[in-house]
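Peer 1: Okay, here's what each chain looks like letter by letter:
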Amino acid sequence: MPRSLVATPRPIGRRSPIPRRPFLAAALAALLVTAALIAVSAVGGRAGGPSPPPAAAADPLGSLAGIAQQGARLGPADAPVRITEWGDLQCPFCAEAARTLDPGILRRWVRPGTANLTFRTLAFIGPDSLTGALGAQAAALQNRLWPLVESLYARQGAENSGWLTQGAVLAAAAGVPGLDRAALRRDMGSARAQAALGRDRAAADMQGVHSTPHFLIAGPRGHRALEGVVPLSAVAAAIRAVR
Amino acid sequence: MGVSERGRRITLGAIALAGLAISAYLTAERAAGKAPACVLGGGCATVQGSRYADVAGVPVAVLGLLAYAALLLAALLPGTPGRVLGLFTALVGAGFSAWLTGVELGILHAVCSWCAASAVLMVLALAVCAARALWAPAPAGPGAAR
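So the sequence lines, in the order shown, correspond to chains Y and X. Take the numbering used here: the final residue in the first sequence is number 243, and no numbers are missing along the way. Take the numbering used here: the final residue in the second sequence is number 146, and no numbers are missing along the way.
Hints are supplied without guarantee of correctness; some may be wrong.
Unchecked claim - Chain Y is nowhere near these chain X residues, computed Cβ spacing over 10 Å in every case: (1) Arg-9; (2) Val-55; (3) Leu-65; (4) Leu-87; (5) Thr-101; (6) Val-120.
Claimed, not checked - Simulated DEER-style distance windows between Cβ atoms: (7) Y/Ala-203 to X/Ser-4: 20 to 26 Å; (8) Y/Ala-241 to X/Ala-56: 39 to 45 Å; (9) X/Ser-4 to Y/Val-33: 28 to 34 Å; (10) X/Ala-69 to Y/Ala-35: 21 to 27 Å; (11) Y/Asp-180 to X/Leu-17: 57 to 63 Å; (12) Y/Pro-76 to X/Leu-73: 54 to 60 Å; (13) Y/Ala-234 to X/Thr-80: 49 to 55 Å; (14) Y/Arg-21 to X/Leu-66: 38 to 44 Å; (15) Y/Gln-70 to X/Ala-69: 49 to 55 Å; (16) X/Leu-73 to Y/Gly-198: 49 to 55 Å; (17) Y/His-223 to X/Ile-10: 14 to 20 Å.
Bear in mind the hints are in silico, worked out from the structure with no lab data behind them. Don't be surprised by glycine CBs; every beta carbon is placed ideally from N, CA and C.
Modelling step: build the complete structure from the supplied sequences, incorporating the hints.
Peer 2: Given below as structure tokens:
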């Protein structure tokens with residue numbers, strides 16, 4: 001039979017007979033994959049991210065010993081380079097910076113007197129961040145901000161999970177030598193702590209700090225801003241640039 | 001239908017490119033150890049720093065990159081392979097996005113605007129891919145021009 005050379009007319013707008021089986025199989029497979037993803041997400045979550053260790057000792061880094069503390073500042077006031085670190089105590093990347101970056105900064109530049117390091121609190125992740133920030137400010141009134149902050153980072157739980165309470169701050173303070181807990185509790189609600197927090201927030205606004213951790217490195221030749229958990233080499237380059 | 005198969009593929013490609021841009025940004029910020037800048041609201045740091053930002057150690061932003069790349073491939077592929085790939089990817093993407101949105105609202109009490117934008121893109125992609133699956137173009141008949 002010779003094939004007709006004329007195309008068979010096909011009604012316009014009518015659905016073509018498409019095979020349904022591949023689409024049904026794709027939908028079923030998608031359902032299974034989605035269920036597996038949700039199950040892993042619900043149970044597992046982060047495996048290799050900046051999850052904190054369960055340690056709870058004050059100054060878990062052991063890096064603060066012998067360094068002068070004045071308010072929120074570590075190191076000499078007249079150091080040629082001034083490093084400011086903004087952090088939120090609920091921020092996991094800030095805790096990671098405290099573990100991985102701050103010890104190097106202290107060892108290479110603060111301890112020799114090249115730089116000082118000031119912690120400025122931000123409280124943007126949730127209401128508990130404010131509790132922690134006020135605790136830090138109250139500790140700064142006793143020149144014990146840094147060991148308290150390090151201790152809280154070491155105890156850090158999931159964001160907005162309710163771990164950062166006044167009780168948690170006081171528990172962390174129990175391991176900080178020389179920190180008067182009764183005064184800390186009182187000062188957490190004081191106007192001085194609130195005012196200090198407001199100054200930190202204003203400084204962040206002035207510097208255009210949009211995320212934490214955020215480092216501002218200032219010296220005689222200007223300043224450099226570093227965002228995130230940067231390598232120590234980036235801090236070194238910034239210090240070289242501003243000295 | 002008012003929209004041709006070609007139109008659906010172009011729309012899907014545009015959605016995939018927009019999703020790729022968002023995912024690439026979130027992946028880069030994550031690699032740099034930073035919380036993304038939130039366009040609306042302030043929940044990005046909370047969401048991206050939470051344990052739900054990873055699935056078995058793989059950042060969700062990287063999963064998004066893979067998903068949008070698959071959608072782009074689906075848009076480029078003609079015929080049944082492209083439509084099946086698109087439907088599968090969009091179903092997984094939209095389903096998982098719905099879960100993550102629920103986590104943001106119900107557990108973290110924070111909304112990441114980038115994640116919300118990605119979720120909307122995934123729903124749009126699902127609509128387009130469903131349309132591609134349901135209304136396939138008429139195959140060329142015998143003797144039709146090749």
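Peer 1: Hints first: check each against the structure and report whether it holds.
Peer 2: Results for each hint:
no.	hint	result
1	Arg-9	16 Å, holds
2	Val-55	5 Å, violated
3	Leu-65	15 Å, holds
4	Leu-87	5 Å, violated
5	Thr-101	12 Å, holds
6	Val-120	18 Å, holds
7	Y/Ala-203 to X/Ser-4: 20 to 26 Å	57 Å, violated
8	Y/Ala-241 to X/Ala-56: 39 to 45 Å	40 Å, holds
9	X/Ser-4 to Y/Val-33: 28 to 34 Å	30 Å, holds
10	X/Ala-69 to Y/Ala-35: 21 to 27 Å	22 Å, holds
11	Y/Asp-180 to X/Leu-17: 57 to 63 Å	59 Å, holds
12	Y/Pro-76 to X/Leu-73: 54 to 60 Å	59 Å, holds
13	Y/Ala-234 to X/Thr-80: 49 to 55 Å	50 Å, holds
14	Y/Arg-21 to X/Leu-66: 38 to 44 Å	26 Å, violated
15	Y/Gln-70 to X/Ala-69: 49 to 55 Å	53 Å, holds
16	X/Leu-73 to Y/Gly-198: 49 to 55 Å	52 Å, holds
17	Y/His-223 to X/Ile-10: 14 to 20 Å	48 Å, violated
Comparing the model with each numbered hint stated earlier shows that hints 2, 4, 7, 14, 17 do not hold.
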